[in-house]
Amino acid sequence: GAVVSQHPSWVICKSGTSVKIECRSLDFQATTMFWYRQFPKQSLMLMATSNEGSKATYEQGVEKDKFLINHASLTLSTLTVTSAHPEDSSFYICSASIAGRGTSSTGELFFGEGSRLTVL
Amino acid sequence: GQQLNQSPQSMFIQEGEDVSMNCTSSSIFNTWLWYKQDPGEGPVLLIALYKAGELTSNGRLTAQFGITRKDSFLNISASIPSDVGIYFCAGHGGSQGNLIFGKGTKLSVKP
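Keeping their order, the protein sequence lines are chains R and X. The opening position of the first sequence corresponds to residue 1 in my numbering, with each subsequent residue numbered one higher. The opening position of the second sequence corresponds to residue 1 in my numbering, with each subsequent residue numbered one higher.
Honestly, I wouldn't trust all of these hints.
[Stated by the list, open to error] Sample of chain R residues lacking proximity to chain X, with all beta carbon distances greater than 12 Å (derived):
hint	residue
1	Glu52
2	Gly53
3	Lys55
4	Phe67
5	Thr78
6	Thr82
7	His85
8	Pro86
[Claimed, not checked] Straight-line distance between alpha carbons at most 30 Å, and here's what the computed DSSO-like set of lysine-lysine pairs gives:
hint	chain 1	residue 1	chain 2	residue 2
9	X	Lys103	R	Lys41
10	R	Lys41	R	Lys64
11	R	Lys14	R	Lys55
12	X	Lys103	R	Lys20
13	X	Lys70	R	Lys41
14	X	Lys70	X	Lys106
15	X	Lys110	R	Lys41
16	X	Lys103	R	Lys64
17	R	Lys41	R	Lys14
[As the list claims (entries may be wrong)] Simulated coverage check for chain R against chain X, where a stretch passes if three residues somewhere in it have a Cβ under 8 Å from a Cβ of chain X:
hint	stretch
18	42-50
19	108-116
Hint data in this document are derived by calculation from the structure and do not stem from the laboratory. A virtual CB, placed ideally from N, CA and C, is assigned to each residue, including glycine.
Chain R on its own, in the form it takes in the complex (with noise of 0.2 Å):
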């Protein structure tokens, strides 16, 4: 169980274009979804927090108008990068808790399986 999948695992695109990233948990409820970013040997970067039915919660220095964030529904969170630039070439992932459990309380977090974006 506690399965998030993520699509695509890879893309690339040409500098100006958005890109969508989505991230579904399988088999549980995700009322908190977490985008992470990570740069080649580095630890993983909270980007935001992701909220169903609520706006998503930046950290300082993640644009909200660069990154758009939609957590539609208990499963589903998606990640669009607009008017991507070679600088946005990243490994995007996403995480999930289960609902009653994660962050709120125990912090466990279930990871998917990344989506590697590259602007040309």
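Got chain R sorted already, so can you dock chain X onto it with the hints?
Only chain X this time, still in chain R's reference frame:
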């Protein structure tokens, strides 16, 4: 903000050897988690610790929640080539705040 110091940064060991890595923090955490990340993949939860002093095993992996709640270690016994990857510790302070990650320990195992 809260930071975790994870060490060592990298390890090169022979197959069959035991491995130990740890994380320390200046702040108290209520939960310690250990994840493994393979290249190009998302982190996979290995062990979750919820109580100070707790010692938990998962196969050849053993992790402990430090009694001061400011540290945790992960041991891997009799390492095998598939143990290769980056291991991250993560701490959570409770109802407030997010999961804080260490910088990772890269493990290389020589057959």
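Worksheet item: So which of the earlier hints does this model not fit?
Response: none
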